[in-house]
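Top line first, the protein sequences correspond to chains A and B.
Count the first sequence with the numbering used here and you get residues 1 to 249, in order.
Count the second sequence with the numbering used here and you get residues 250 to 848, in order.
Hints are computed from structural coordinates only; laboratory data are not their basis.
Note that the coordinates shown come from a computational prediction; the quantities given were computed from them, not determined experimentally.
Some hints could be false.
What the hints assert, rightly or not - Lysine-lysine pairs mimicking BS3-like chemistry, simulated, CA-CA at most 25 angstroms apart:
#, chain 1, residue 1, chain 2, residue 2
1, B, K592, A, K60
2, B, K687, A, K16
3, B, K447, B, K260
4, A, K48, B, K701
5, B, K425, B, K592
6, A, K48, A, K132
7, A, K16, B, K510
8, B, K670, B, K687
9, A, K141, B, K687
10, A, K87, B, K560
11, A, K193, A, K229
12, A, K136, B, K510
13, A, K87, B, K670
14, B, K264, A, K16
Stated by the list, open to error - Short derived list, chain B residues pointing at chain A, Cβ under 7 angstroms:
#, residue
15, Y514
16, V519
17, Q562
18, R774
Idealized CB from N, CA, C, for every residue including glycine.
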Amino acid sequence: MNEILVVDNVTKTYGKKGEKQYQALKGINFKIAAGEFVAIMGASGSGKTTLLNILSTLDKPTTGQVFINKHDVSTLNTNQMADFRSKEIGFIFQDFNLLENLSNRENIALPLSLRGLSARRINPLVDRIAAKLGIKEILNKYPAEISGGQKQRVAAARALVHEPSILLADEPTGALDSKSARELLNTMENLNKHDGVTTLMVTHDPFSASFANHILFIKDGKIGEQMIKGEKSRTDFYHELIAHLGTEE
Amino acid sequence: MIWKLSLTGIKSRLKDYTVLFSGLVVASTIFYMFLSLAINPGFMSKDVNAPGQYLSFIFGFGIVLLAIITFVYLVYANSFLLSMRQHDYGMFMMLGAKSSKLGLLIFCETLLTGILAAILGIIVGLGLTALVSKLLISSLDLHITHFQIILPNAILWTLIFFVVVFFLAALRNVHKLVRSKVIDLLHENQKPIKISRKNGLRVVEAILGLLLLVAGYYIMGMPANAIFFIIPAALVTIVAGSYFTFDSFFTLIINLLLKKKGFAYRGIRVFTLGQLKFRIRDYTRILSVISLLFALALGAITVGLNFNSLKNQAVVSDYYDAQIVQNTPAVQKNVDKLDIKSKATYHYVETKKELFFNKADFDKKPFKYIKFSQHGNDFPTYTPTVAKTKDLVTPGNSANTRLSMMLLNGTKKIELVSPAKFNTIQGQKKFITLIRVKDFVKDYPTLTKIEKLQMTSPMISRVLSNTKPFTYQVVLGFASGFEFMGFFLGIAFLTMLASTLMFKVLSGAASDKVRYEMLYKIGTREKMLRKSIRNEIGVLFALPGALGIIDVLFGLRLFKALLPKPYMGIWLPFLIFIVLYFIYYIVTVKLYENIVLKK
Ligand SMILES: Nc1ncnc2c1ncn2[C@@H]1O[C@H](COP(=O)(O)OP(=O)(O)OP(=O)(O)O)[C@@H](O)[C@H]1O
Ligand SMILES: [Mg+2]
Numbered sequence: 001m002n003e004i005l006v007v008d009n010v011t012k013t014y015g016k017k018g019e020k021q022y023q024a025l026k027g028i029n030f031k032i033a034a035g036e037f038v039a040i041m042g043a044s045g046s047g048k049t050t051l052l053n054i055l056s057t058l059d060k061p062t063t064g065q066v067f068i069n070k071h072d073v074s075t076l077n078t079n080q081m082a083d084f085r086s087k088e089i090g091f092i093f094q095d096f097n098l099l100e101n102l103s104n105r106e107n108i109a110l111p112l113s114l115r116g117l118s119a120r121r122i123n124p125l126v127d128r129i130a131a132k133l134g135i136k137e138i139l140n141k142y143p144a145e146i147s148g149g150q151k152q153r154v155a156a157a158r159a160l161v162h163e164p165s166i167l168l169a170d171e172p173t174g175a176l177d178s179k180s181a182r183e184l185l186n187t188m189e190n191l192n193k194h195d196g197v198t199t200l201m202v203t204h205d206p207f208s209a210s211f212a213n214h215i216l217f218i219k220d221g222k223i224g225e226q227m228i229k230g231e232k233s234r235t236d237f238y239h240e241l242i243a244h245l246g247t248e249e
Numbered sequence: 250m251i252w253k254l255s256l257t258g259i260k261s262r263l264k265d266y267t268v269l270f271s272g273l274v275v276a277s278t279i280f281y282m283f284l285s286l287a288i289n290p291g292f293m294s295k296d297v298n299a300p301g302q303y304l305s306f307i308f309g310f311g312i313v314l315l316a317i318i319t320f321v322y323l324v325y326a327n328s329f330l331l332s333m334r335q336h337d338y339g340m341f342m343m344l345g346a347k348s349s350k351l352g353l354l355i356f357c358e359t360l361l362t363g364i365l366a367a368i369l370g371i372i373v374g375l376g377l378t379a380l381v382s383k384l385l386i387s388s389l390d391l392h393i394t395h396f397q398i399i400l401p402n403a404i405l406w407t408l409i410f411f412v413v414v415f416f417l418a419a420l421r422n423v424h425k426l427v428r429s430k431v432i433d434l435l436h437e438n439q440k441p442i443k444i445s446r447k448n449g450l451r452v453v454e455a456i457l458g459l460l461l462l463v464a465g466y467y468i469m470g471m472p473a474n475a476i477f478f479i480i481p482a483a484l485v486t487i488v489a490g491s492y493f494t495f496d497s498f499f500t501l502i503i504n505l506l507l508k509k510k511g512f513a514y515r516g517i518r519v520f521t522l523g524q525l526k527f528r529i530r531d532y533t534r535i536l537s538v539i540s541l542l543f544a545l546a547l548g549a550i551t552v553g554l555n556f557n558s559l560k561n562q563a564v565v566s567d568y569y570d571a572q573i574v575q576n577t578p579a580v581q582k583n584v585d586k587l588d589i590k591s592k593a594t595y596h597y598v599e600t601k602k603e604l605f606f607n608k609a610d611f612d613k614k615p616f617k618y619i620k621f622s623q624h625g626n627d628f629p630t631y632t633p634t635v636a637k638t639k640d641l642v643t644p645g646n647s648a649n650t651r652l653s654m655m656l657l658n659g660t661k662k663i664e665l666v667s668p669a670k671f672n673t674i675q676g677q678k679k680f681i682t683l684i685r686v687k688d689f690v691k692d693y694p695t696l697t698k699i700e701k702l703q704m705t706s707p708m709i710s711r712v713l714s715n716t717k718p719f720t721y722q723v724v725l726g727f728a729s730g731f732e733f734m735g736f737f738l739g740i741a742f743l744t745m746l747a748s749t750l751m752f753k754v755l756s757g758a759a760s761d762k763v764r765y766e767m768l769y770k771i772g773t774r775e776k777m778l779r780k781s782i783r784n785e786i787g788v789l790f791a792l793p794g795a796l797g798i799i800d801v802l803f804g805l806r807l808f809k810a811l812l813p814k815p816y817m818g819i820w821l822p823f824l825i826f827i828v829l830y831f832i833y834y835i836v837t838v839k840l841y842e843n844i845v846l847k848k
């Protein structure tokens with residue numbers, strides 16, 4: 001099995017030594033194989049964002065290791081981390097994904113120009129991913145001129161245009177209405193199914209999580225149970241998930 | 250409770266607050282210093298030595314200008330304050346603070362900030378006035394003796410000005426807060442940017458802007474006698490030209506660069522350009538104001554320093570450095586101290602109507618004088634010339650006039666006669682000795698002494714008031730005064746304009762923070778972010794700076810008639826200015842980075 005992400009006994013303690021400390025992650029272990037679509041669910045304050053920040057090299061674990069595409073990211077220095085992010089990771093955030101002062105095309109092109117691709121090679125790549133996500137018509141508009149759902153799709157295009165090893169999404173549907181949310185999730189599901197985009201999504205929302213084929217539950221800084229979709233339909237998986245959450249409380 | 254919250258809010262951004270507060274203190278310092286310069290009675294009448302009315306007009310104009318600049322500056326400083334506090338205010342409102350109570354809080358906060366800054370600024374101003382005047386006087390070799398440092402009137406007016414401005418600012422802040430919704434206050438930094446795409450109109454505007462600038466520069470080169478047309482016309486065309494140019498021309502260039510994907514798609518260059526594109530339109534007004542202020546400030550320093558050259562002018566505008574009409578042992582002792590280059594004595598006999606000179610003296614040592622010539626409105630040129638006998642005896646000839654001005658009873662007719670005839674003429678035997686030294690400036694104190702020692706009668710005093718040392722003394726006072734003023738105003742304006750730009754940039758920092766954060770998250774190296782910041786702010790500083798420099802280069806032509814070489818030595822003020830401006834740029838970049846890149 002080709003493992004894209006390996007999280008090995010990661011802990012995170014906030015606060016300096018001698019001061020009041022708080023252990024947000026208490027030894028996290030899991031693996032994600034290429035082509036998986038994993039959702040991480042957990043209550044507020046359970047450590048989801050903390051974990052995602054560590055996976056995305058924005059923050060360092062206190063102890064433990066993270067391997068992305070076989071690289072031990074915990075050994076990278078700040079510059080290497082930045083380069084690593086621009087190469088291996090695609091991001092979708094809950095909001096404020098796009099730079100308002102750039103056109104959508106320029107927004108999507110950004111990761112490519114960051115990596116030093118020539119303009120001649122950038123444009124076709126932008127067009128291709130835009131076609132895939134159905135946003136070709138709005139490429140020359142500015143983020144302020146499109147809807148929230150469209151914005152998230154532009155964000156997805158930006159996250160994927162440089163073909164990262166893994167797509168990380170933190171509550172990507174958090175700011176969307178249900179129709180736009182469903183559209184975005186369908187898009188993510190399709191990208192995963194047809195293009196093999198490995199995806200890790202953090203979410204509160206069972207509906208969003210049901211699009212994943214593997215759900216990890218995080219509780220008090222530890223991975224608790226897991227659920228696997230297998231051959232079930234999304235709707236069945238959703239109901240199962242709801243039932244599961246119901247027994248939790 | 251709410252007051253305590255307000256204090257904690259300020260504490261959490263203490264650094265930014267300190268910057269803002271010190272900016273305000275600087276403004277008040279400058280305001281006080283300028284006032285103390287402008288209404289300093291002794292300095293004006295005795296040191297600057299210029300016609301009183303003329304000067305009070307210049308200074309009246311200066312005060313108005315400074316008041317406007319300070320006002321603009323305070324408006325931007327206040328908007329920075331508001332941008333800093335907005336989020337807190339929004340929070341208080343969300344927590345259920347009554348808007349009337351919050352209004353009072355904001356009002357007091359703003360007013361208090363202003364008044365404290367004003368008071369502190371005056372105190373700093375007092376110290377600085379003492380220091381700067383001493384420093385300038387010694388380093389620029391100025392002769393200023395009547396400069397009074399503590400002026401109650403200046404203190405009072407500075408206070409009044411600040412209280413009034415901050416009262417208005419406080420009202421505005423309260424008004425703005427009451428008008429806006431909580432949600433806007435909390436998410437002020439996520440407001441979408443307005444987009445306009447009227448490129449065609451923009452092109453027309455750009456052409457218009459450039460044309461107006463060219464027209465303005467052309468007008469400034471017009472003959473100086475049209476000065477009452479030139480100044481207002483140049484001001485209007487240049488202000489409008491700058492505005493249109495900033496509003497359109499630079500945006501067009503950036504659009505062009507953005508279209509050239511080969512250029513734009515390099516690192517995060519496209520982001521830098523995007524930032525600039527929206528910045529420049531948002532900054533149009535302030536950039537035009539700053540380019541103009543830049544020109545005024547740089548112009549003030551350049552012209553001020555250039556007045557120095559009037560001193561040289563005084564040295565070359567007269568041929569002889571000393572004249573002796575009455576030799577005493579004391580005078581002789583001082584003459585012996587001089588480093589003499591040439592010395593000529595002319596003997597004459599004074600009769601009832603005429604002054605008969607011995608021609609032999611003139612043959613031995615020809616009398617020289619300075620010939621003036623002037624082309625159009627240019628500054629006159631001076632050429633030392635040997636006087637011919639005919640010129641010396643022709644009334645109205647400049648050689649004749651110059652000689653008679655040096656003589657006691659010089660209104661009588663001058664005649665040159667042969668030595669034989671000279672000895673036969675009956676009358677009072679007199680002489681005049683004319684001395685030229687090697688270095689006038691070095692011997693200037695001795696020369697003045699020689700003059701003083703001779704002034705034993707009103708008639709001698711009157712004759713000796715046309716000499717070079719005397720003219721030099723007058724020019725020295727005048728030039729030093731203007732030099733001091735130009736320097737002072739130049740630096741003051743520079744401080745003000747650069748801080749205005751700084752606060753404008755920093756006001757936007759809060760809303761830029763999210764953008765830089767996002768860029769960082771998607772994998773931009775911090776070094777690259779810093780570079781982008783440097784470039785962006787660099788362009789915002791460079792544009793008005795460059796336009797200001799061009800303004801000055803053309804504007805100096807206005808002084809062609811007043812100063813011998815308005816362009817002489819301009820590298821020095823330009824250098825001083827650019828270095829100071831650059832320091833402001835660096836400080837702005839650092840502060841901006843601190844706000845934007847802080848994690
Ligand atoms: N910078 C920090 N310093 C100290 N404690 C922190 C910091 N960031 C998070 N924490 C704490 O760590 C715990 C986990 O926080 P985290 O943000 O990861 O939760 P989350 O699962 O993302 O919650 P939510 O669903 O509300 O976003 C929380 O108890 C939080 O208070
Ligand atoms: Mg979170």
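Verification of the hints:
1. B:K592 / A:K60: violated (88 angstroms)
2. B:K687 / A:K16: Roughly 76 angstroms separates the two Cα atoms, so the pair is violated.
3. B:K447 / B:K260: With Cα atoms ~45 angstroms apart, K447 of chain B and K260 of chain B exceed 25 angstroms; violated.
4. A:K48 / B:K701: violated (92 angstroms)
5. B:K425 / B:K592: Roughly 78 angstroms between the alpha carbons, so the hint for K425 of chain B and K592 of chain B is violated.
6. A:K48 / A:K132: violated (30 angstroms)
7. A:K16 / B:K510: Not satisfied, since the Cα-Cα distance of roughly 46 angstroms exceeds 25 angstroms.
8. B:K670 / B:K687: violated (35 angstroms)
9. A:K141 / B:K687: violated (76 angstroms)
10. A:K87 / B:K560: violated (68 angstroms)
11. A:K193 / A:K229: holds (14 angstroms)
12. A:K136 / B:K510: Within the cut-off at roughly 18 angstroms; holds.
13. A:K87 / B:K670: violated (109 angstroms)
14. B:K264 / A:K16: Distance of about 23 angstroms is within 25 angstroms: holds.
15. Y514: This interface hint holds because 4 angstroms falls under the 7 angstroms limit.
16. V519: V519 of chain B check passes; min Cβ-Cβ to chain A is 5 angstroms, inside 7 angstroms.
17. Q562: violated (55 angstroms)
18. R774: holds (4 angstroms)
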